[in-house]
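Asker: Input sequences plus hints: build the corresponding full structure.
Listed below are the residues making up each chain.
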Amino acid sequence: MRGVTKAIILIIIGLIVLLPFASTHPDGLEKVAGSLGIEEPEPMWSGLMPDYTFLLTENPYMSKLISGLIGFFLVFSLVWGVGRVFARRNRV
Amino acid sequence: MHIPDGFLDLPLCVLMYVVSSGFLAWAWRGVRRAFPRSSVPIIAVSSAFVFVSQMLNFPIVYGTSGHLVGGTFLAMLLGPHAAVISMSIVLLIQAIFFADGGILTFGANIFNMAVIGGLSFYMVKALSGHSLSQKWLSASVFMASWSSVVLGALACAIQIGISSTFASVGGVMVTVPAMLFWHMIIGIGEAAITTALVSQLSRISPAVLGGITMLRGLTHERRY
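Listed in order, the protein sequences are those of chains A and B.
With this note's numbering applied, the first sequence corresponds to residues 1 to 92, in that order.
With this note's numbering applied, the second sequence corresponds to residues 93 to 316, in that order.
Any given hint could be a false lead.
[To be verified] Chain A stretches covered by chain B per the calculated footprint, using a threshold of three residues with CB under 8 Å from any CB of chain B:
1) 6-13
2) 25-39
3) 49-58
4) 67-74
[Said to hold, decoys possible] Using C-beta positions, here's what the derived DEER-type ranges look like:
5) A:40 with B:110: 20 to 28 Å
6) B:308 with A:48: 40 to 48 Å
7) B:113 with A:81: 15 to 23 Å
8) B:265 with A:44: 25 to 33 Å
Bear in mind the hints are in silico, worked out from the structure with no lab data behind them.
Ideal Cβ placement from N, Cα and C applies to all residues, glycine included.
Answerer: This is the structure in structure tokens:
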């Protein structure tokens, strides 16, 4: 458990430090679509934090960081929940 | 490589949902068979790590970027079954909350990243055999993680290429070479990061690399 806590802290520090350096260029698929002149269609569902933005803040760094942290804990808790409910009790 | 809604025709979306469901069922059975409750924290933290690292795009050439997909990394930590489940949950959160990857294309995205990523476990296994040499293992991880990105991109290229949106610009004849070109470069980033992470972990905390333990045919009784 202590290892897991340590890993969580390291990952959050990593995100805080590395986020400003993250490239905002299109990724491979977006580049291919863009170079062929294909616009990304209006999404049928734009999510609560589209493109990793948190609407309550103007600052782009904070916006991305907060949405990233929320996503981090959403993934963590969902996997934890699924695992707890279904993983077998035996073989401790 | 997350396909947004609108890039794939509906029948293909349905087909990919069916195909991915089959793999998810397979993965689920494997997880139920092999995973003790005590391994839940490590699965949760590694999934959350993959989510975060997918936000950190690294630049490649010509104004394009890539990011770690993390399939092979998860497979080395968790083994193939849990890696597929873990990556699928990451993709689910991305689609629902961040509109990163579509809802209709979710099945295709699971196949391209979670299934191919998780199954890259077997490529590491085939390449490394029963060799216990660290160097050879690292080389196998490098090759498998590069291939997982390139094969995922190939699958993605075929899916978009046979769909109507890309048909007007040349279909698979155009999408396959273009996707392969970028992802052969992005794959080098994936492979470098994955290999570095795996070799660092095997140095500081080899016990967490449950996938590698499985690879070597040992039991994976672990403590966290």
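Asker: Next, verify each hint and record whether it holds.
Answerer: For each hint, the structure was consulted:
1. 6-13: Satisfied; 3 residues make the cut.
2. 25-39: This one holds; 12 residues, not fewer than the three required, reach chain B with a Cβ under 8 Å.
3. 49-58: Held - the segment 49-58 of chain A has 4 residues with a Cβ nearer than 8 Å to chain B, which meets the minimum of three.
4. 67-74: Contact hint for the segment 67-74 of chain A vs chain B: holds, 7 residues under 8 Å.
5. A:40 with B:110: 20 to 28 Å: holds, 25 Å
6. B:308 with A:48: 40 to 48 Å: With a Cβ separation near 43 Å, residue 308 (chain B) and residue 48 (chain A) satisfy 40 to 48 Å, so the hint holds.
7. B:113 with A:81: 15 to 23 Å: holds, 21 Å
8. B:265 with A:44: 25 to 33 Å: At 29 Å between Cβs, range holds.
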